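Number of protein chains: 2
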Amino acid sequence: MPTLSNYTFDEITIGQTATYSKRIEERDVQLFAAVSGDVNPVHLDAAFAATTQFKSCIAHGMLSGAIISAAIAMELPGPGTIYLGQSLRFRLPVKLGDIISVNLEVTEKKDKRGFVTLDCNVLNQDDELVVTGTAEVMAPREKLVIERPSLPSVRIGD
Amino acid sequence: MPTLSNYTFDEITIGQTATYSKRIEERDVQLFAAVSGDVNPVHLDAAFAATTQFKSCIAHGMLSGAIISAAIAMELPGPGTIYLGQSLRFRLPVKLGDIISVNLEVTEKKDKRGFVTLDCNVLNQDDELVVTGTAEVMAPREKLVIERPSLPSVRIGD
Numbered sequence: 001m002p003t004l005s006n007y008t009f010d011e012i013t014i015g016q017t018a019t020y021s022k023r024i025e026e027r028d029v030q031l032f033a034a035v036s037g038d039v040n041p042v043h044l045d046a047a048f049a050a051t052t053q054f055k056s057c058i059a060h061g062m063l064s065g066a067i068i069s070a071a072i073a074m075e076l077p078g079p080g081t082i083y084l085g086q087s088l089r090f091r092l093p094v095k096l097g098d099i100i101s102v103n104l105e106v107t108e109k110k111d112k113r114g115f116v117t118l119d120c121n122v123l124n125q126d127d128e129l130v131v132t133g134t135a136e137v138m139a140p141r142e143k144l145v146i147e148r149p150s151l152p153s154v155r156i157g158d
Numbered sequence: 001m002p003t004l005s006n007y008t009f010d011e012i013t014i015g016q017t018a019t020y021s022k023r024i025e026e027r028d029v030q031l032f033a034a035v036s037g038d039v040n041p042v043h044l045d046a047a048f049a050a051t052t053q054f055k056s057c058i059a060h061g062m063l064s065g066a067i068i069s070a071a072i073a074m075e076l077p078g079p080g081t082i083y084l085g086q087s088l089r090f091r092l093p094v095k096l097g098d099i100i101s102v103n104l105e106v107t108e109k110k111d112k113r114g115f116v117t118l119d120c121n122v123l124n125q126d127d128e129l130v131v132t133g134t135a136e137v138m139a140p141r142e143k144l145v146i147e148r149p150s151l152p153s154v155r156i157g158d
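Going down the list, the protein sequences come from chains A and B.
Quick note on numbering: the first sequence equals residues 1 to 158 in the numbering used here.
Quick note on numbering: the second sequence equals residues 1 to 158 in the numbering used here.
I should point out that these hints are in silico values taken from the structure, not numbers from a laboratory.
Be a bit skeptical, because a hint or two may be false.
[Claimed, not checked] Just some of the chain B residues that point at chain A, by a computed CB distance under 7 angstroms: (1) Glu25; (2) Ala46; (3) Ala50; (4) Phe54; (5) Gly61; (6) Ala73; (7) Pro79; (8) Gln86; (9) Ser87; (10) Arg89; (11) Glu105; (12) Phe115; (13) Leu144; (14) Val145.
If you're wondering where the values come from, they're calculated on a predicted model, not measured in any experiment.
Ideal Cβ placement from N, Cα and C applies to all residues, glycine included.
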């Protein structure tokens with residue numbers, strides 16, 4: 001049984017890191033369009049995108065935000081984390097086929113309320129910084145090792 | 001033909017507002033799990049969620065971020081906008097069935113590079129602030145009125 005586990009506030013150390021990678025496919029951009037409602041043709045229409053400064057379809061900026069949030073919720077601190085805040089700077093476009101890696105690093109712990117601050121750097125396969133930011137979370141107090149739900153099965157198109 | 005249009009930097013005024021609403025369904029949370037990879041059971045498993053402080057399944061925090069980004073890209077300034085940055089504070093959970101409204105308000109314009117700052121407030125159907133934040137964008141210089149792509153058709157489950 002695949003499991004999902006967390007790091008409790010007490011287990012977390014300053015400087016602790018985690019990485020979470022994902023290849024961005026056309027399918028991801030279509031799913032993000034469907035769930036957000038952002039159907040801008042720069043994301044969905046290759047002919048239109050070719051007329052823009054980007055030359056080809058780019059992922060929605062906030063798709064990188066979604067993947068940062070998954071890195072936090074799945075890896076560090078993991079299940080039971082309460083998401084308090086996130087800042088994001090969108091530095092470079094993410095193109096279809098790019099492999100992006102979210103690098104998290106713990107920079108601060110505040111004992112009293114269990115707050116943890118993490119630097120969030122998203123790099124592409126060429127080691128270019130595409131998104132940077134800072135997350136603030138309330139880390140879990142209790143250790144959790146739970147069954148890992150499977151990814152919902154989704155089909156695109158009729 | 002349904003169209004999509006934008007506000008150019010010159011057309012945008014301080015104090016200008018836009019609203020974008022969406023009912024958050026179980027389907028949206030499943031799609032967000034699929035696209036981000038965050039399959040935490042607090043979002044997907046009602047029995048597990050019942051054991052948490054939230055008592056029932058809650059949406060991923062960053063789903064509200066995705067909807068803010070869609071409000072900016074679809075409504076104000078709309079197509080052609082370059083997303084530069086976003087801050088987010090997650091204040092209250094969003095539950096399945098909640099209707100959330102993103103309220104955008106232009107608070108600053110910087111002529112030289114076409115930068116525009118927008119306050120972003122997300123309210124639920126009870127007028128409670130669930131997410132707040134600030135967006136920084138580069139507004140389009142050119143007026144666009146383009147064909148509105150339809151929402152990708154997506155099916156969940158086998």
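Status of each hint after checking the structure:
1. Glu25: At 10 angstroms from the nearest chain A Cβ, Glu25 of chain B fails the 7 angstroms test, so the hint is violated.
2. Ala46: violated (12 angstroms)
3. Ala50: Violated, about 14 angstroms.
4. Phe54: Because about 10 angstroms separates Phe54 of chain B from the closest Cβ in chain A, which is outside the 7 angstroms limit, the hint is violated.
5. Gly61: Since chain A brings a Cβ to about 4 angstroms from Gly61 of chain B, closer than 7 angstroms, the hint holds.
6. Ala73: holds (5 angstroms)
7. Pro79: holds (5 angstroms)
8. Gln86: holds (5 angstroms)
9. Ser87: Ser87 of chain B check passes; min Cβ-Cβ to chain A is 5 angstroms, inside 7 angstroms.
10. Arg89: holds (5 angstroms)
11. Glu105: violated (19 angstroms)
12. Phe115: Phe115 of chain B check fails; min Cβ-Cβ to chain A is 13 angstroms, beyond 7 angstroms.
13. Leu144: Where the cut-off is 7 angstroms and the nearest Cβ of chain A is about 10 angstroms from Leu144 of chain B, the hint is violated.
14. Val145: violated (12 angstroms)
Hint compliance for this structure: hints 1, 2, 3, 4, 11, 12, 13 and 14 are broken, all remaining hints hold.
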